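*Asks:* Okay, here's what each chain looks like letter by letter:
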Amino acid sequence: MKNAGDLARVSVFAALIAVLGLPGTLNVFGNAVPITLQTFGVMLAGAILGTWRAALAVVVLLVLVAVGLPLLAGGRGGLGVFAAASAGYLIGWIPGAALTGWIVQRGGRNPGIVRLLLACVAGGIGVIYLCGIPVQALVTGIPLGKTMLLSAVFLPGDLIKAVLAALVARGVQRAYPDAVPATWQERHTWR
Amino acid sequence: MTGLKLLGLAAGCTVLVLLQTPAALAGAAAVVLALYAVARVRPAAAWGQIRPVRWFALALFVTQLLLADLPAATVTTMRVVLMVALAGLVTLTTPASVMLAALERGLAPLRLVRVDPFRVSLMLTLTLRSVPLLTDLARRVREAQRARGVSWSVRAFAVPLVVGALRHADALGEALSARGLDD
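Taken in order, these protein sequences are the chains called A and B.
First residue of the first sequence: 512, per my numbering; consecutive thereafter.
First residue of the second sequence: 4, per my numbering; consecutive thereafter.
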């Protein structure tokens, strides 16, 4: 943690991801993993904070959850969530946010909508599924192939979330130039 | 004490993974129940910890029953429920502030890799403080949205919310560096 500005951004975004889980969760029948707006928050954190700050924001949130605070969608919290079927997806939020941030950060001062969308899909869907599906298969004892089919239920919803996250990130970065990771980095490294 | 509880939880979860027969898990269930009794947890509070996983447990039991047999289904389901119950017991008997203090002590060795435990716990505390603040901001944005007649648009909701959150974060960052928290 180099400076106080980074520390504050990480803390506030960890809280933002928690707050986005408040509207509630939707359990698709036959799957133990709920649908939430929180992955939308994870993608946004990546697109706005950049690689390591985004990853750290997710770590902070997960630490608070592990400590027992009900910050996950539907008021879930406690160490129990890391023993449940969705544990892999939760852990996957960390590299997912980091990859989204990395792709956006490489876009320089004006990352376009295509890059933002690509970043959200690769980090917010690709990486998270890659971490989540094997763990879900392991915990539930359902074969990997079948788990992948079960998880496909989430794909349309997650694609919509990725598109929304890209659009919202673009809107925020137009209104607030410091919301571009590269710009923020540039302004704060000389300190 | 909190550290001991967490170590006990880790040990308990390891033992649960190693147990393979329904009888052994029934024994483990008795131990967990006894622990809840010793901690004087009210049944309603105990159920509150298990409740979130009830449908998951049911779904797990049914799929296991279809894919394997009854003993395997019983063992797998009980294992997950008991792990959640054990974790819940630690959560119920430890206030979040005590847990954070234990965390700060536990993080002390991080000094060796040049991570300041104080900064880590400051970050966790700031996050906790920001949750009600952002909840309030979200409510205000939604009200403003409704007043303008925009019924439901994620963009119209999320853009002002995120910009507001960023403004708050950056003001907070400046306040912190004014108090000498920059390296």
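Simulated from the structure, these hints should not be mistaken for laboratory data.
These numbers come from a predicted model, not from an experiment.
Among the hints, erroneous ones may be present.
Example chain B residues on the side facing chain A (calculated, C-beta under 10 angstroms, incomplete) [what the hints assert, rightly or not]:
{"#": "1", "residue": "74"}
{"#": "2", "residue": "75"}
{"#": "3", "residue": "175"}
Beta carbons: idealized from backbone N, C-alpha and C, even for Gly.
*Asks:* Run every hint past the structure and note whether it holds.
*Replies:* Now for the hints, and whether the structure bears them out:
no.	hint	in the structure
1	74	violated (13 angstroms)
2	75	holds (8 angstroms)
3	175	holds (4 angstroms)
Comparing the model with each earlier hint shows a violation of hint 1 alone; every other hint is respected.
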